[in-house]
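Chemist: For the record, the sequence lines run as chains A and B.
Per the working numbering, residue 1 is the first one in the first sequence, and the count goes up by one each step.
Per the working numbering, residue 1 is the first one in the second sequence, and the count goes up by one each step.
Hints were generated in silico from the structure; no laboratory data involved.
All figures in this text were calculated on a predicted structure; none of them were measured in a lab.
Quick reminder that beta carbons are idealized off the backbone N, C-alpha and C, glycines included.
It is possible that part of the hints are untrue.
A few chain B residues facing chain A, derived, Cβ under 8 Å [as the list claims (entries may be wrong)]:
1. F4
2. E17
3. D56
4. I62
5. L116
6. L117
7. N122
Computed beta-carbon distance windows for the label pairs [claimed, not checked]:
8. B/L29 <-> A/L387: 46 to 54 Å
9. A/F13 <-> B/F54: 25 to 33 Å
10. B/G14 <-> A/L176: 32 to 40 Å
11. A/I264 <-> B/G14: 48 to 56 Å
12. B/M124 <-> A/I264: 56 to 64 Å
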Amino acid sequence: MSKDIDKLFKDKFKESKTTAPTEAWPVIQAKLKMRRINRLIYTFSVLGFLGLISFMLFSPQTEKTLSKPLQKNTSLKNEVILKDANVKDVNVNKDKLPVSKPQEDSKKLYATITTKKDSKNNTTKFLYKNNTKTSKKTPFFKNKLGYAISEKVVKGRINLLGYSLDSLDYSVKKNLKAERKKRRKKKDSIDVAKFNNEKGRRWNVVPVFGALNSGRFSENVSTLGTLRAVTYPDKYFDDNKSSGLISNIYGFNVVFRATNRLSIQTGIFSKELRFLTEDLFLSEFIPDVNPTNIIYNPGVEVRFSNTPDIVGSESVSLSQSILYMEMPFEFKYRMFGDSKFNTNVVGGFSFLYLNKNEIRAKTNTSSRSIGKAGNLLTTSTSLNIGLDVEYHLSKRLVLNSAVMFKKHYNTYKDYNNEYSPYNVGMHVGIGYKF
Amino acid sequence: MVIFKDIKKFKHKGSFEGWAKRVTVNVALQKFRKKSIIRFDDLEESKIPEEKVFIDIEEKDITLNFLLSLINKLPPQYQLIFNLYVLDEYSHKEISEILDISIGTSKSNLSRARKLLKKEINTMKKLQL
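Take these sequences, add in the hints, and give me the full structure.
Modeler: In C-alpha cells:
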C-alpha cells in the first residue's frame, strides 16, 4: 500500500508520543496569569505607595509655591489660548475689557469664539489670557493652604511619613527574608539532588594531625598537691603557677555522610596533654612524709617541694604529660557552603583511655623523668564542640580543617570536674571519599 | 530547565503550550548549532518541486526505533529541516525564519531528506525480502 512518507513518520511518532493532559495547559496558564496579576498588583501598590510618599514629601512645597503671589506672564500677553480644535474664528471684543483693573498683566481678554459645531449660535466663550482668574482665587487658596501647612498638619504628615517608611522598611525586610528562604530552599534541593547522585561516596577517611593547648577553668591548680600536705616541709604546691603547653594530636577520622547536611564521625586519636608547674624545688628525699599526688619512680631520691630553704634544693619546673587514646563520636552538621566548600558545626563526646602518664623535672639545662601522677583515672570522657571546614579538592579528596574545643570529665580521683582540663586544638587532614 | 528559568519572560500573548514548544525547539537548535556547523543546500525556490514522496510499505512492518535510526542517519541539515517540518509541524516560512535561510533552501533540503529516507526504507525492504 502506497503511503506518504511524511504521514508515515507523523503517525508512528504520534503513536508513541507522550503528551501532557490537555487540561494541564490551561491550568498552568491560569496560574501564570494569576502570578502576573499578583505581580502587577504588587508593582502598582509599591508605585502608589511611592507616589503617596512623594506627594507627602513635596506637597507642602507646592502649597508654598501656590500661596506665593502669582507671577506675571508677559509672554502670554495678547495671546488667546485656543483649546478647542474646532475653533475657526476668534473675535476680540476689546469693549468688554474691565476698566476697573488698569494693570495690563491682569487684564482679562474676552474673546468671542465661533466653533464649527456651534457656528449658528455664535456661542461666546470667555478665555483668559493669563492666570488672572487664578489670581482672583488666590486669597481663598491662600487661606486653605495656609491652614494645610500649619504646624499641626506638617507634624502629622511627618509622623505619617515615618509610619509609611517603617512599613516600607518592614515589607522590604519581609520580602528579602522570603527571597532568601526561597533561595536557600532551592539551593538545598540542588544539594540534595547532588547528594543523591553521590551516594557511592558517602564514606570519608581523614588522617588528622593537629596541635592543641590545654588549660583548666579553675585557678592554675597543678592537681599534683594534696590536702593532706600539712606537715613540714610543705610540699603542698597547688598554689604554684601551672599552665598548659602546646602538644600534639594525631590519628584518623571516619566520616559517614548520613544525609545532605548531617554526618557522623568517629576515629582513633593519640592525644597528649601537657602542663607545666613552675617555681618548684627538687630537694633531698625526706622520708617521713610524701603528701603529693606524685608517685616517684623507683630509685629516685629527690622530691618536689615549694620551699627553697632546704639545703641542696634545686630550682626546677614540673612538666606533666598525659597521653590519651581517644575515640570520638561526633555529629557534623553542614551550616552553609556548597559542594566545593562547606562549613560544619561539630558536636559529640569522646572516650579517653590513659596511655601514658609521666612527670618530668625540668631545669634550664636538663629534663628527666622522675615519676607519674597518682590521681589520674584510667578512663575518662570529654565533651566536644567545634567548627569544621571542608574543601573538596576533587571528587575523592577533601581537605579538612577543624577547630575543636574539648572539656574533659572524670580525669582525677581526688579533684572534681572543675579541675579537669580542657583543650583547644586545630586539626588538619586530607580525606579520601569512597 | 530553560522553561522554568525563563517562565517570567512568557508574555501571555499566546498559549503557554506553544511558548513552551518554541522554547524547547530553540534550545534544541542552539545545542545543535553548537555541535555541528550546518551547511544547507541552497536552491532557487522556483526549481524546487513541492512534491510528496510515497512509499509502498505496510506500517506495521516498521518500528519507531527504525524510523528514528533513519532520521539520525540523515545529514544534520536534512535532519533538522525534516524534524521541524514533519514532526514539529513548522511551515517553510517559519523554518526559514528560525534557521535564517531562504524558503527555497528549506524546501530543497526537505525534498532531499524525503528522498534519502525513501531510499533507506526501500533498502530495508529489499533486505527483508
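Chemist: Work down the list of hints and note, for each, if the structure agrees.
Modeler: Verification of the hints:
no. : hint                          : in the structure
1   : F4                            : violated (11 Å)
2   : E17                           : holds (4 Å)
3   : D56                           : holds (5 Å)
4   : I62                           : holds (7 Å)
5   : L116                          : violated (10 Å)
6   : L117                          : holds (6 Å)
7   : N122                          : violated (11 Å)
8   : B/L29 <-> A/L387: 46 to 54 Å  : holds (49 Å)
9   : A/F13 <-> B/F54: 25 to 33 Å   : violated (19 Å)
10  : B/G14 <-> A/L176: 32 to 40 Å  : holds (34 Å)
11  : A/I264 <-> B/G14: 48 to 56 Å  : holds (54 Å)
12  : B/M124 <-> A/I264: 56 to 64 Å : holds (59 Å)
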